[in-house]
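J.: Please build the complete structure, drawing on both the sequences and the hints.
Numbers in the numbering used here are just positions in the sequence shown, counted from 1, shifted up by 2.
Treat the hints as calculated values from the structure; they're not laboratory data.
Each hint can be trusted.
Cross-link-like lysine-lysine pairs, in silico, DSBU-like; alpha carbons within 35 Å at most:
no., residue 1, residue 2
1, Lys23, Lys201
2, Lys189, Lys141
3, Lys133, Lys170
The structure displayed is predicted, hence computed values, not measured ones.
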Amino acid sequence: MSQQLEDFLGCLQLLDTSIYKPQEQACIPVFRSLPPNLRTIIQRMVFFEERKVPESIIQAQNYQQSPNTILDLAIQLKLITKQEERQQQAVNFYYYLDSNFQNSLRDSIEGKSKSILTKIGDCTESKELLKRECSRKWKDLFDLISRRDRSDISCYRQQVRQTLIESKLLERNLGVGFSFILSSTHKQINQILKYYVTKQSSNVVRFILCLSVLDPMKIYQMPNEEWQKNVIKDLQEFGLTHYQDQQMRITFLFWNFLYEPPSVSIGIQCNIIVEANFRIYAYLNSGDQQEEEILCNLLNLFSEIKKRFKILIIADLSESSIRKAVRENLQAKQIIQFLEMNSKQLKQQASTEKQHKSNDELKKRLDFLRVFQEGVPEKAIIPHNVVQQIQYWESFSNIK
3 MSQQLEDFLG CLQLLDTSIY KPQEQACIPV FRSLPPNLRT IIQRMVFFEE RKVPESIIQA
63 QNYQQSPNTI LDLAIQLKLI TKQEERQQQA VNFYYYLDSN FQNSLRDSIE GKSKSILTKI
123 GDCTESKELL KRECSRKWKD LFDLISRRDR SDISCYRQQV RQTLIESKLL ERNLGVGFSF
183 ILSSTHKQIN QILKYYVTKQ SSNVVRFILC LSVLDPMKIY QMPNEEWQKN VIKDLQEFGL
243 THYQDQQMRI TFLFWNFLYE PPSVSIGIQC NIIVEANFRI YAYLNSGDQQ EEEILCNLLN
303 LFSEIKKRFK ILIIADLSES SIRKAVRENL QAKQIIQFLE MNSKQLKQQA STEKQHKSND
363 ELKKRLDFLR VFQEGVPEKA IIPHNVVQQI QYWESFSNIK
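T.: Rendered as structure tokens:
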């Protein structure tokens with residue numbers, strides 16, 4: 003959860019709690035993103051009229067953590083404040099729930115909060131089709147990063163261009179873009195939205211929070227405010243919303259982004275085999291031309307492309323290719339992680355482990371069969387000599 007605070011939630015540290023309006027839903031994604039113990043405490047505080055809870059009461063609940071530890075995130079987000087009160091010789095500490103957040107969350111719990119946009123119908127397309135559409139939009143971002151060509155963003159809206167520049171994903175520094183690609187889709191979305199709201203008004207943050215809890219299978223009427231229309235149009239270029247005429251919907255990428263990984267499969271669907279002679283065989287699970295181009299561009303950042311077919315790319319790792327990548331701030335551990343993430347052997351091993359786990363669950367039902375449980379032996383995903391040589395080439399480049 004702390005990582006998410008560094009991403010989109012971190013923006014809320016800079017804002018006051020006026021973004022939580024009565025009968026609006028901006029509080030919902032923030033509340034749901036909090037750790038379970040903290041949510042429990044806040045739920046109990048919501049209906050306290052004085053909004054004041056003694057520290058001793060929280061300690062008495064035996065959460066196995068100190069109140070300061072549990073409430074730290076809420077204090078950072080200004081949802082809760084801690085104050086001391088002196089009574090005769092004693093000093094007592096109290097926690098206060100912010101009134102804006104309290105009133106907004108209470109309305110949500112009591113069913114009084116309303117959608118920020120007017121619902122006008124159901125989406126007629128299938129979930130699978132909608133997921134494929136937003137997945138392709140997000141892969142456009144991968145394509146940009148793999149090519150690192152700023153001139154390609156001229157067709158994007160101004161605020162989207164600014165977001166890409168602020169994020170430094172298109173810089174010559176390979177490490178930044180590669181770290182983005184290696185991270186989960188959930189983290190990627192949080193990062194992009196963090197850069198998008200940077201230097202924008204608190205109303206934009208509030209609007210994004212409210213949009214994220216809409217139903218992705220419903221059609222909504224476009225808002226009247228011009229700035230709100232611009233936000234929706236900007237987010238469409240990332241595949242987070244879709245609008246046409248005076249209608250819009252959010253996508254499965256954007257839905258509940260603050261506290262739930264998306265249900266959309268994003269990434270290059272490929273298998274990579276690395277041989278001990280430093281040869282790479284990368285083949286796609288489909289003949290998708292966009293994925294082929296992205297994969298080829300990514301491999302070209304740290305290896306030498308030898309052959310390229312429709313679903314197969316053959317490349318070699320070499321001292322010159324690794325040193326070139328290191329000079330542009332790509333790290334050996336990132337290269338190794340990329341190869342491991344897409345390793346065919348890793349995927350086969352994961353499938354085997356899943357099967358073993360399923361078998362283990364059956365065995366656990368009968369105590370006398372536990373003796374037969376076996377762990378899956380670990381196997382090297384990338385040949386050891388390849389890993390060591392990549393690390394050596396990196397260290398050799400750093401010395402020079």
